[in-house]
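**Q** Fit chains U and G to the supplied structure of chain L, relying on the hints for placement.
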Amino acid sequence: MAWIRKDLLGLEDLNKEEIELILNTAESFKEVSTREIKKVPALRGKTVVNLFYEPSTRTRVSFEVAAKRLSADVINIAAQESSVRKGETLIDTGRNIEALKADIIVIRHSASGAAAILARNVSVSVINAGDGWHEHPTQALLDIFTLKEKLGSIEGFKVSIVGDIAHSRVARSNIWGLTKLGAEVTVCAPRILIPPGIEEMGAKITDNIDEALSCADAVNVLRMQFERDEENAFPDQLDYFKKFGITEERLKKAKKNIIVMHPGPINRGIEMSSAVADSPSSVILEQVTNGIAVRMAVLFLVSQGHDQKNDNIN
Amino acid sequence: MKEKARLLDKETIARTLMRIAHEILEKNKGMDDVCFVGIRNRGVYLAQRLAACIKTIEGKEVPVGALDITLYRDDLTLIAAQPLVRKTEISFDITGKNLVLVDDVLYTGRTVRAALDELIDFGRPKSIQLAVLVDRGHRELPVRADYAGKNVPTSANETVEVRLTEVDGKDEVVIIEKE
Amino acid sequence: MTILIKNGRVVDPANNLDEILDILIEDGLIAKVGANIRTQAKEIIDATGTIVMPGLVDMHVHLREPGREDKETIATGTAAAAKGGVTSVLVMPNTQPAIDSVESVALLKKIIQETAKVNVFIAAAITRQRQGSELTDIAKLKQEGIVAISDDGASVDNDALFQEALEKAKEQQVLVICHSEDKLLSCGGVVNLGLTSTRLGLRGISSASEYNRVARDIQLAEKTKANIHIAHVSCKESLELISQAKKKGIKVTCETAPHYFSLSEEAVLGFDTNMKVNPPLRSKDDLAGIRQGLVQATIDVIASDHAPHTENEKDIEFERAESGVIGLETELAVAATELIHTGLLDWLDLAKKMALNPARALGINKGTLGVGCDADVIVVSPDKEWIVQKEKFVSKSKNSAFLGKKLKGVVEYTICAGEIIYRNADVRREDR
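Protein chains in written order, with the numbering used here: chain L, 1 to 314; chain U, 1001 to 1179; chain G, 2001 to 2432.
Chain L with its partners taken away, still in its complex shape:
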């Protein structure tokens, strides 16, 4: 099984084998971060551009560390979104970066589909680091990698995703990835935050947190964003915590070894209690470590896919 895509835009279009290839490759890269010299020359001389239209320290730093451990050169661009008729368009920015002979663009943008638009208009490899509500493939991959490490496999295991599903790219990517690998996925949120068609995507629905936790092997807790001014099902943070917060009492009713995940940064006392965040059930920090390995794997494979395509053209 070889990786042939020049880009990684989402998990919706990947098949099971491709996802497994990334996870297996990530395992090898995890070892690199345990060495004294945390560097391999795999991407030496390649240029990776972090094109971030939305501020994000965690994801950006994670990609930067991953790229540098592969010996790539990293450029960070904190870009401004253009309104129509003002400012440089996304495609123009992409073409400019292409003209610099960069090899990979890692893009985060607030508009769904931004990564796809960029990918179709430049020959550079594009990695989606989060586009609007659409997908955040590397986050889901590192979530799944962490689960696989803990559970041994994904198939047949039950995973619940809790939070604002409607507006969550992390939720969508996780649903795609987990269902393709054979997990049973349940989403849990107030009805108004569950978008139509989730069941057709392969996930079960509940608005009861205890039900979501009851047989789950793992729970992925999403960040609640209260800064958004529209459609706030929970204007009150305390109210959300009461109804959906992950607490030790709630976990007592769940499976004994349930794994608690969160993409970070955590809002302590809102999505989960401090006690849970710091408990041995929480793998939040391992997710961060695995994020480096997964992103190294993605950068490596995507740059091979890009070279493959060009070789085939020649």
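None of these hints come from the bench; they were simulated from the model. Nothing here was measured: the structure is a model prediction, and the numbers come from that model. Glycine included, every Cβ here is placed at the ideal spot set by N, Cα and C. Be aware that one or more of the hints could be misleading.
What the hints assert, rightly or not - Below, computed lysine-lysine pairings styled on DSS-like, alpha-carbon distance capped at 25 Å:
1) L:Lys68 / U:Lys1087
2) G:Lys2223 / G:Lys2236
3) U:Lys1087 / L:Lys150
4) L:Lys204 / G:Lys2284
5) L:Lys243 / L:Lys204
To be verified - Computed list of chain L residues with no C-beta within reach of chain G, every gap over 12 Å:
6) Lys16
7) Gly45
8) Glu155
9) Arg191
10) Asn267
11) Ser281
Stated by the list, open to error - Not the full set, but computed from the structure, chain G residues with beta-carbon under 10 Å of chain L:
12) Leu2269
13) Asn2312
14) Arg2320
**A** Quick look at chains U and G alone, frame taken from chain L:
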């Protein structure tokens, strides 16, 4: 692809490895500070077998590590369209050791060059020696084997394939002619 | 000029004709329709194997002039119409400035007179600047020559104001074209609300935003007995409401656009902004419903909703891109491919929906091949295949939902007011 000839059979391989083990012992005046690192994939099994030979001869356990050089290749060593990246596992410190690098076939020397680069990133061995089952010539870099099982002259349109029970179900070394 | 069109299959719903006949055109009018016409003619067209039908009357077109001549002009838009076999268009008033006053209508008429290649009819706005708060002077506008009113792009939210508009329109015998959309419900949405909007992570537009407003528009039409025409129907619920209304005798007609009877929401997957339209492409069920609606004649008219946009406004992030697709050059072929070649409709039905019915709705004497009527005639090769290519569009903008698609049906000749304004043969010669 057509199998042209069988160079080594099961018994010959076993005897050859035993002979190499003796040579390693002799050159290093014993196995103190010696370790094996096999180049994935078949080099690892050969390294394990050499360690087993040493155990038989000296009764000593010699550490064996596995090195995946995929991330250190230069373009020209890409034998397959896209090799799978496997794990490097060296659980011991290589600094100060006489490290014997083990591979199945020595050809252009680029694999060994990549292995050397990677090993230096792991530490500073006292010396690195190279043991291969087959040396087929056609070096493109100044690399030589300290221990070679068999020297086989080959042409560019031939391939030497080492088959090991652990991977291929049988032990043999064959020359294959590419169509 | 005298033109003799020989041996074509003449399809004329106004006169219930569908047979092989000749047509003689003289001095801009249809002079004779019959078998084996023998006469001298400046131009003789051998129409063997083709369909000869009335020039299409497209009652929903945006030609962007005045104000956005970068997208399209009356000149380029009508040239595109000619290529597509459309000899009459109704232009929508959402230009810059909007067509909401006698002065703006006069200005537009001048541009039309100087540059238009086909007949251009004008729809004026219902409210000033289409803002929905103050009615335009419908009586004066009628005097100036408008044939319909619409705030297209928007609906008049204020029920009382809309009722007043309907009453005035009825008095003036002017058609009210309704863009039925409740923006409070559709607000910010960019694709159909459903599995596709969830998969794409885009805000969805529910069907309710359309059919709720359709219900309101029908209710007020019933109350005032005005003639209303529902534009770009996209969902089956709207059709149900319209069907019921017709049974009750309410004077409502409706139209759909080619994209609504050929594509469904899955076409948007991949974030193709050439599939971004308002109302959005709906579900497979709605697609089936629209096709049924055409067969059952609940839908009276097929109109393109030709909406040109520049690349700058389309080749950007999906949620920011403008809604709309061009359609003048493809509507006939898409209709032929999706409706005739699939056996859903025949050519007589199609000529009705694309020429006769729109003309009747607007109260203009077009869409017919009757003797003495304006010679707006097209000659179509019904089975010829072609592939929609960006470079070949005559329209200034290239935002088509059918790029790369193989279609059947090619316009060979477009005759308007008795003059051949488009010949396919010329185009093909130039290509060589």
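**Q** Broken hints, numbered, in rising order?
**A** Of the numbered hints given earlier, the structure breaks none, since each of them holds.
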